[in-house]
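Student: Sequence:
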Amino acid sequence: MSDNSLIGKLAGLKTKYETISQQIADPEVIADMKRFVQLNKEYRELEPLVAAGDRYARMVHDLEAAKEILQVEKDEELREMAKEEVATLEEALPAMEEEIKLLLIPKDPQDEKNAIMEIRGGTGGDEAAIFAGDLFRMYSKFAEKKGWRIEVTSQSEGTSGGFKELICKVSGTGVYGVLKYESGVHRVQRVPQTETQGRVHTSAASVAVLPEADEFDVELNMNDIRKDTFCSSGPGGQSVNTTYSAIRLTHIPTGIVVQCQDEKSQLKNYDKALAELRTRLYNMEYEKYLNEISAKRKTMVSTGDRSAKIRTYNYPQSRVTDHRINYTMYNLPVFMDGAIQEVIDQLQIAENAERLKAAEE
14 MSDNSLIGKL
24 AGLKTKYETI
34 SQQIADPEVI
44 ADMKRFVQLN
54 KEYRELEPLV
64 AAGDRYARMV
74 HDLEAAKEIL
84 QVEKDEELRE
94 MAKEEVATLE
104 EALPAMEEEI
114 KLLLIPKDPQ
124 DEKNAIMEIR
134 GGTGGDEAAI
144 FAGDLFRMYS
154 KFAEKKGWRI
164 EVTSQSEGTS
174 GGFKELICKV
184 SGTGVYGVLK
194 YESGVHRVQR
204 VPQTETQGRV
214 HTSAASVAVL
224 PEADEFDVEL
234 NMNDIRKDTF
244 CSSGPGGQSV
254 NTTYSAIRLT
264 HIPTGIVVQC
274 QDEKSQLKNY
284 DKALAELRTR
294 LYNMEYEKYL
304 NEISAKRKTM
314 VSTGDRSAKI
324 RTYNYPQSRV
334 TDHRINYTMY
344 NLPVFMDGAI
354 QEVIDQLQIA
364 ENAERLKAAE
374 E
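So in the working numbering the end of the sequence shown lands on 374, straight run, no missing numbers.
These aren't lab readings, by the way, just hints derived from the structure by calculation.
Any given hint might turn out to be false.
[To be verified] Below 30 Å or equal to it, Euclidean Cα-Cα: the simulated DSSO-like pairs (lysine-lysine) are: (1) 159 / 114; (2) 177 / 322; (3) 96 / 177; (4) 80 / 96; (5) 120 / 158; (6) 177 / 22; (7) 27 / 114; (8) 154 / 322; (9) 27 / 54; (10) 281 / 54; (11) 159 / 281; (12) 29 / 240; (13) 154 / 281; (14) 22 / 159; (15) 154 / 277; (16) 158 / 177; (17) 120 / 159; (18) 370 / 27; (19) 47 / 120; (20) 370 / 54; (21) 29 / 120; (22) 159 / 177; (23) 114 / 80; (24) 120 / 96; (25) 114 / 54; (26) 22 / 158; (27) 120 / 154; (28) 114 / 281; (29) 158 / 54; (30) 54 / 22; (31) 158 / 240; (32) 22 / 370; (33) 114 / 87; (34) 47 / 281; (35) 158 / 29; (36) 177 / 154; (37) 177 / 54; (38) 120 / 22; (39) 114 / 154.
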């Protein structure tokens, strides 16, 4: 992309950004909540691109000014300063152009959403459930560092600890865009607590991360939903097993069933279950989008294929290996304590390289 075409494209996007800025202040737009939400989303997405465009335009302008000084100026000191500025800007501009090209590639529209995360113990019996619990702790620690909020909506505890299944909602800024890299099978190699002979066993847990559907993403016909109430089970105090606070919703056309028993209030459980149902219906369509782009990328850090083995946690060697990018770290205890940003950064770099390559083809 030449300098002129890049500047032209950025100028057009800045005009669009300024137009949207005026629209979201219009009382008529504010009254139309669906349109207002959509325009706000577009505004936020354009903001970093416009800021980068302004920096780039200043750099191009300063480079031209410095070159002009070299052509007309006789003062050696001023010429030396201009030479240094030309050298600095000519070195910095290509990196700035690459940053802008990456920003110009359309992002996954779901990246800014909250996420619904499912963690399930897989092969390995009790040890798999314990490992699923370890993964949930890891994500909880990571979310805490990011300033995100985790709400458990459903859980089934393992007989020796951990979880056979746990479903939670993670809320915050750009949650799905980060956690989507965690979807897949996580394999652990270690000596289980139940092992008396000290042999290393392999077991697994699966993680699925779904973008939470907004209220405007899915239109639900309440006549298509069957609601059942039942007694909560598990920890929760005196009201557990005595009040019908737990909710099960069945979407009759698709057969999708969700339930929530985390809250003591039936109404709160109903709201959470409804949000999860909306998300699952939304993701039936979203899976088609993921499958379309999976054919175009090799790394595919966010395919809909949750059966793919993505990472191995080897306790005897204190090793974590991400198989999608052949990236290995030897700091397993720190990693399990929520320090997973390093590998996510590497996955994002790999995906961005593929997005750039795909855009240029």
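Student: For this structure, which hints from the list above don't hold up?
Tutor: Failing hints, ascending: 3, 6, 12, 14, 24, 26, 28, 31, 33, 35, 37, 39.
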